[in-house]
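Protein chains in written order, with the numbering used here: chain A, 14 to 340; chain B, 14 to 340.
Treat the hints with care, as some may be off.
Because identical chains cannot be distinguished in the list, a pair is counted as satisfied if it fits within a single copy or across any two copies.
Unchecked claim - The list that follows gives simulated cross-link-like pairs (lysine to any residue, SDA-like), each with its CA atoms no further than 25 Å apart:
id, residue 1, residue 2
1, K122, Q233
2, K129, L328
3, K255, L280
4, K255, I281
Keep in mind the hints are simulated off the structure, nothing from the lab.
As the structure is a computational prediction, the values presented were derived from the model and not from experiment.
There are 2 protein chains.
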Amino acid sequence: MPSIKVAILGFGTVGEGVYRILNERKEDIQQETGHTIDIVSILVRDTAKKRLVTPGTKITNDIQEILSDPDIDVIFEAIVGEEPAYSYLVEAIEKGCHVITANKMMFAKRGSALVKHAEAHGVQVRYEATTAGGVPIIRTIMSLLPADRVRRIRGILNGTSNFILTKMREEEIPFQAALYEAQQLGYAEADSTDDVSGKDAFRKLMILSALAFGRQPDWQDVPIVGIDGVTTEAVQDASKGKLRYRHVAEICIDENGVLRGSVGPVLIGSDHPLHGVDGIDNAIIVDTDHLGSLTLIGPGAGMYPTGSAMVGDFLQIIGKREPAVIS
Amino acid sequence: MPSIKVAILGFGTVGEGVYRILNERKEDIQQETGHTIDIVSILVRDTAKKRLVTPGTKITNDIQEILSDPDIDVIFEAIVGEEPAYSYLVEAIEKGCHVITANKMMFAKRGSALVKHAEAHGVQVRYEATTAGGVPIIRTIMSLLPADRVRRIRGILNGTSNFILTKMREEEIPFQAALYEAQQLGYAEADSTDDVSGKDAFRKLMILSALAFGRQPDWQDVPIVGIDGVTTEAVQDASKGKLRYRHVAEICIDENGVLRGSVGPVLIGSDHPLHGVDGIDNAIIVDTDHLGSLTLIGPGAGMYPTGSAMVGDFLQIIGKREPAVIS
Numbered sequence: 014m015p016s017i018k019v020a021i022l023g024f025g026t027v028g029e030g031v032y033r034i035l036n037e038r039k040e041d042i043q044q045e046t047g048h049t050i051d052i053v054s055i056l057v058r059d060t061a062k063k064r065l066v067t068p069g070t071k072i073t074n075d076i077q078e079i080l081s082d083p084d085i086d087v088i089f090e091a092i093v094g095e096e097p098a099y100s101y102l103v104e105a106i107e108k109g110c111h112v113i114t115a116n117k118m119m120f121a122k123r124g125s126a127l128v129k130h131a132e133a134h135g136v137q138v139r140y141e142a143t144t145a146g147g148v149p150i151i152r153t154i155m156s157l158l159p160a161d162r163v164r165r166i167r168g169i170l171n172g173t174s175n176f177i178l179t180k181m182r183e184e185e186i187p188f189q190a191a192l193y194e195a196q197q198l199g200y201a202e203a204d205s206t207d208d209v210s211g212k213d214a215f216r217k218l219m220i221l222s223a224l225a226f227g228r229q230p231d232w233q234d235v236p237i238v239g240i241d242g243v244t245t246e247a248v249q250d251a252s253k254g255k256l257r258y259r260h261v262a263e264i265c266i267d268e269n270g271v272l273r274g275s276v277g278p279v280l281i282g283s284d285h286p287l288h289g290v291d292g293i294d295n296a297i298i299v300d301t302d303h304l305g306s307l308t309l310i311g312p313g314a315g316m317y318p319t320g321s322a323m324v325g326d327f328l329q330i331i332g333k334r335e336p337a338v339i340s
Numbered sequence: 014m015p016s017i018k019v020a021i022l023g024f025g026t027v028g029e030g031v032y033r034i035l036n037e038r039k040e041d042i043q044q045e046t047g048h049t050i051d052i053v054s055i056l057v058r059d060t061a062k063k064r065l066v067t068p069g070t071k072i073t074n075d076i077q078e079i080l081s082d083p084d085i086d087v088i089f090e091a092i093v094g095e096e097p098a099y100s101y102l103v104e105a106i107e108k109g110c111h112v113i114t115a116n117k118m119m120f121a122k123r124g125s126a127l128v129k130h131a132e133a134h135g136v137q138v139r140y141e142a143t144t145a146g147g148v149p150i151i152r153t154i155m156s157l158l159p160a161d162r163v164r165r166i167r168g169i170l171n172g173t174s175n176f177i178l179t180k181m182r183e184e185e186i187p188f189q190a191a192l193y194e195a196q197q198l199g200y201a202e203a204d205s206t207d208d209v210s211g212k213d214a215f216r217k218l219m220i221l222s223a224l225a226f227g228r229q230p231d232w233q234d235v236p237i238v239g240i241d242g243v244t245t246e247a248v249q250d251a252s253k254g255k256l257r258y259r260h261v262a263e264i265c266i267d268e269n270g271v272l273r274g275s276v277g278p279v280l281i282g283s284d285h286p287l288h289g290v291d292g293i294d295n296a297i298i299v300d301t302d303h304l305g306s307l308t309l310i311g312p313g314a315g316m317y318p319t320g321s322a323m324v325g326d327f328l329q330i331i332g333k334r335e336p337a338v339i340s
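Just chain A, same shape as in the assembly (with noise of 0.2 Å):
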């Protein structure tokens, strides 16, 4: 039976969450693909941090360790901010590996150099996990294209705002409240400026516009409104007329092909699909020009979740057996 040899870099929430699936799934991946997976080595900052590993994966904090081994086939990456990361995959790349990343910030600004230079080297880079965590919505629309067209996409793409935008309006407490509580959760980071500043939905919506459209608008060009300014006066008169606020990403084509962006605060009405979608939650409508409206709701981070976007797009990769349908 064929091994597939695999290392993680990062080993944070994200890359611990390929970990332990990875482990956990063994034998049904096993049984379904005919593979068995070994994970080789994981890059890590500090290698004095005690980690729970199987005896035989080397942990490292040395790239090249990693990048000299011939026999790697996958990596799996999982830093935050696009260097070293981008360096590292066209290293990767070029050393005919397959990778697979959650790096969205590096992803919205050098995924279309490192897809062509994946392509240039015979490899698939796979980024599922770089936008709205454990909701499909990559591959969701990589599957409607080219027999149908997109022509607008909106949605929920930061949990972090969302889970914030609601406990303002359920609990009725100032925005600085409600980010101490996503904090203290483990929803929002320490420095949480990019996900209230609409930063990191950019980044996402500007991911699923090359995707769509097969290019972006011009990054300036897109107003980008956080929540910060979001008050509880205007929470709560929006709830007294069955309105909510929710941060929207969103990014269309006109008949012209000319595409226009914007991400901010919205007031939504009790009959919209966005209504609903409370919590951490992310949600994303894609509009076709065939399937006219498509909604995708889930988890858009967590371990688990983002972990396994990620080994989805490994399963595509090593290419596993259709599951069987049994009566």
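Since chain A is already given, all that's left is putting chain B on it; use the hints.
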């Protein structure tokens, strides 16, 4: 450039949808996949009926004219009912054709046998269009497995029933009047027994059960209740309590591996993901170990949505290139 030769069995709403999409999206499909698509023949019941089809496409009511053509690579089947569809597809598989079906009645019962038969002959069977029309629930569940484990599937799987319940609530009219309206709008057949009795939703639930759990419960163990017993008074009483009737099909697996299914009207509160799903839309909630809850909402029927589900299957069979990411 290699040409792929296809036949369409059945030229009702769905078959015509496939025909139109393959023609309308011809150039994009060619560019993305590297294949030209040649619609060689269409099986119809009445050859005398006038149809706008491309010259060169053979219209026939003789299945053997199609099955004896050694050049056909892929068969789209959009016939209603178990037979003769099943026998046609068995024969097509034996001749080495890939098969794409929208036939839920046949597939709920004979899907297992068909898939095994296809495996034995080295061809594929795809069935996205059998369940929830344009909503890509089959592909989504397939892509979650085997890295994740499905625990429960719930949803609105019959758009006609959902339309009727919506009209009964919004317009405060009785079941019969709402059914008549659905028929006038083409959302319900003249004989809508299978829709309003819950049988149609049940069949789709059995297809999802086989996919997600590898098997189906004994059919006679699944209680099936339709919407024909829901009274105007009951709908109005529910509305007063901010509840809505939804016709929900549900299947779950317990810790001992026992499957429990049910189909029937359920009262839904305002914070439930199915609360806002009105009209002819379908919605499915999949609960898994890793993802928690994933919800998909979209058109459950119609020429273009269902046709595009079948063309999506087709593209997966012929293997399309990944859409490039260009920034």
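Status of each hint after checking the structure:
1. Taking the shortest Cα distances, K122 and Q233 sit within 25 Å of each other inside one copy (13 Å), while across copies they are farther apart (55 Å).
2. For the identical chains of this complex, K129 and L328 are neighbours both inside a copy (21 Å) and across copies (22 Å), given an alpha-carbon limit of 25 Å.
3. For the identical chains of this complex, K255 and L280 are neighbours both inside a copy (10 Å) and across copies (21 Å), given an alpha-carbon limit of 25 Å.
4. With identical chains, the CA atoms of K255 and I281 are at most 25 Å apart both within one copy (9 Å) and between copies (19 Å).
The structure agrees with every numbered hint stated previously.
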